[in-house]
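The listed protein sequences correspond, in order, to chains B and D.
Residues 1 to 270 in the numbering used here are what the first sequence spells out, letter by letter.
Residues 1 to 270 in the numbering used here are what the second sequence spells out, letter by letter.
Simulated from the structure, these hints should not be mistaken for lab results.
Heads up, a few of these hints could be off.
Claimed, not checked - Computed spacing ranges between beta-carbons, pair by pair:
| hint | chain 1 | residue 1 | chain 2 | residue 2 | range |
| --- | --- | --- | --- | --- | --- |
| 1 | B | Glu44 | D | Tyr237 | 29 to 39 Å |
| 2 | B | Pro139 | D | Phe32 | 32 to 42 Å |
| 3 | D | Asp146 | B | Asp103 | 40 to 50 Å |
| 4 | D | Asp60 | B | Glu125 | 27 to 37 Å |
| 5 | D | Lys230 | B | Glu83 | 46 to 56 Å |
Please read these numbers as outputs of a predicted model, since none were measured by experiment.
Just so you know, even glycine gets a beta-carbon here, dropped at the ideal spot from N, CA and C.
There are 2 protein chains.
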Amino acid sequence: MKSLKVFVVSDSVGETGEQVVKAVIAQFRPNFENTVIRRFPHIENDDHIKNIVEIAKAQDALIVYTLAEEKMRQKIHHSCQQENILSIDLLGPIIQLFQEKIDEPPLEEAGLVHKLDDDYFRKIEAVEFAVKYDDGRDPRGLLLADVVLVGVSRTSKTPLSQYLAHKRYKVANVPLVPEINPPEELFLVDPKKCFGLVISPEKLNIIRKERLIALGLNDDAIYAKQERIKQEIAHFYKVVERIGCSVLDVTNKAVEETANDIIERIEQNK
Amino acid sequence: MKSLKVFVVSDSVGETGEQVVKAVIAQFRPNFENTVIRRFPHIENDDHIKNIVEIAKAQDALIVYTLAEEKMRQKIHHSCQQENILSIDLLGPIIQLFQEKIDEPPLEEAGLVHKLDDDYFRKIEAVEFAVKYDDGRDPRGLLLADVVLVGVSRTSKTPLSQYLAHKRYKVANVPLVPEINPPEELFLVDPKKCFGLVISPEKLNIIRKERLIALGLNDDAIYAKQERIKQEIAHFYKVVERIGCSVLDVTNKAVEETANDIIERIEQNK
Numbered sequence: 001m002k003s004l005k006v007f008v009v010s011d012s013v014g015e016t017g018e019q020v021v022k023a024v025i026a027q028f029r030p031n032f033e034n035t036v037i038r039r040f041p042h043i044e045n046d047d048h049i050k051n052i053v054e055i056a057k058a059q060d061a062l063i064v065y066t067l068a069e070e071k072m073r074q075k076i077h078h079s080c081q082q083e084n085i086l087s088i089d090l091l092g093p094i095i096q097l098f099q100e101k102i103d104e105p106p107l108e109e110a111g112l113v114h115k116l117d118d119d120y121f122r123k124i125e126a127v128e129f130a131v132k133y134d135d136g137r138d139p140r141g142l143l144l145a146d147v148v149l150v151g152v153s154r155t156s157k158t159p160l161s162q163y164l165a166h167k168r169y170k171v172a173n174v175p176l177v178p179e180i181n182p183p184e185e186l187f188l189v190d191p192k193k194c195f196g197l198v199i200s201p202e203k204l205n206i207i208r209k210e211r212l213i214a215l216g217l218n219d220d221a222i223y224a225k226q227e228r229i230k231q232e233i234a235h236f237y238k239v240v241e242r243i244g245c246s247v248l249d250v251t252n253k254a255v256e257e258t259a260n261d262i263i264e265r266i267e268q269n270k
Numbered sequence: 001m002k003s004l005k006v007f008v009v010s011d012s013v014g015e016t017g018e019q020v021v022k023a024v025i026a027q028f029r030p031n032f033e034n035t036v037i038r039r040f041p042h043i044e045n046d047d048h049i050k051n052i053v054e055i056a057k058a059q060d061a062l063i064v065y066t067l068a069e070e071k072m073r074q075k076i077h078h079s080c081q082q083e084n085i086l087s088i089d090l091l092g093p094i095i096q097l098f099q100e101k102i103d104e105p106p107l108e109e110a111g112l113v114h115k116l117d118d119d120y121f122r123k124i125e126a127v128e129f130a131v132k133y134d135d136g137r138d139p140r141g142l143l144l145a146d147v148v149l150v151g152v153s154r155t156s157k158t159p160l161s162q163y164l165a166h167k168r169y170k171v172a173n174v175p176l177v178p179e180i181n182p183p184e185e186l187f188l189v190d191p192k193k194c195f196g197l198v199i200s201p202e203k204l205n206i207i208r209k210e211r212l213i214a215l216g217l218n219d220d221a222i223y224a225k226q227e228r229i230k231q232e233i234a235h236f237y238k239v240v241e242r243i244g245c246s247v248l249d250v251t252n253k254a255v256e257e258t259a260n261d262i263i264e265r266i267e268q269n270k
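So here's chain B without its partners, still in its complex pose (with noise of 0.2 Å):
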């Protein structure tokens, strides 16, 4: 297997180059073997240009470039070429349509995406918020919530609280146990901001006798017995009926989809 390397290089930080090089090397190589991304951020000048298509040279690289000035990507583009060095401008040709589109010359301003402006801060106050009222930590911050997960161990609430905090969204969680009351404000909650996360039974053995192994216990303890795991479903439901919000089914589910599938209908609530 030949080895890829792939060289980021940005006027900014270099994330969104990252992802969509992960999503590509994902088509090809899944599990990233034999493959490096390195980042290049900050790249501002001529000269930190002719060094990254030096390196780039030397050790074989693709290079994917999101660059906002025109005159930078004319700039790699180039190098790369007198180079012999395989390169793609990712922003580039998106920037051209849109202008075309909006008759609207753009910014060429690095860094625009990161601004610290009222989008930010409200991203950061999310991200805050659902750390700070994760596992029902306190229930007050149910009816101050965008968003209300309610679900069994287990069911990935505090990364899906998160991934959709980092989409703008307040969220607050909590895990549903039979031996514990569940907060009152839970039903105060209106609904339709609800979320019930629920798990096939089989799965969340097999994720909690993993669990179990990990933490160097005996995997027949009760919190993977079948019979405990069908008690907290059947709770779980009965809370959940009581509040009357959706059910979501996250059995072998990525965050990403589950969250995706609240915004969807969160939005259309509207």
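Once you've looked at the hints, dock chain D against the given chain B.
Just chain D, lined up with the frame of chain B:
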């Protein structure tokens, strides 16, 4: 100002496409004025494409697509051409380039970036870790973490921890307050893993005042007093010196930028 409507069409959730579109729109309208981005996830057949192209036509939208199958990419390309809709194939050209480079055929499977593989579970684990060990909740986390953040309040410790978690780093953070002795574990951590976060006293004062006003409190409450801030920062430097770790100034920096800086330092020390 012309309205700008962009459809992001994906065979998976449309995450990557949306991020690129946002980066491009920010180059024209940093506050996304008069702009709509609409995601069409899980687009898997010709009928889906036909429908979307019709809606795009009716709404005068641009289409940006991320589709793994070449057949599907051709289909949407031709449909858009027929209907005179401006469109961009985001992944296609890069897939071709990579194929040329490594001489392997692409898998053409949707959603490979969202696979429930080891890497995915590492991310989930890191996100849960950061929530669990946020705000000095449990000092045992400090010895298990890949990265430890310490700082005075309002230095973005929580969102920074979460951002790094998405990059697979396990992060614990500890607030430093003169009244509370930092946990002893902090001084057992490898200083190369640890980062002190500092912010200019002026900026900290502004942030705190805003916070007090948002909470409906008088803005000259002790929390915001200049003297107090100086005292906190002096205490911060005393602790950081004892740890022997680097200090990063986060004043006016986006979380992404600071995170990038930390990742570079961590990777260099490996």
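Hints and how they fare:
1. Between B/Glu44 and D/Tyr237, the C-beta spacing of about 31 Å keeps the proposed range 29 to 39 Å intact.
2. At about 34 Å, the beta-carbon gap between B/Pro139 and D/Phe32 stays in the expected band of 32 to 42 Å.
3. A beta carbon spacing of about 48 Å between D/Asp146 and B/Asp103 agrees with the range 40 to 50 Å that was offered as a hint.
4. Distance hint for D/Asp60 and B/Glu125: a CB-CB separation of about 34 Å, consistent with the stated range 27 to 37 Å.
5. A C-beta distance of roughly 53 Å is found between D/Lys230 and B/Glu83, which places it inside the suggested range of 46 to 56 Å.
Against the hints set out earlier in the document, no violation occurs for any number.
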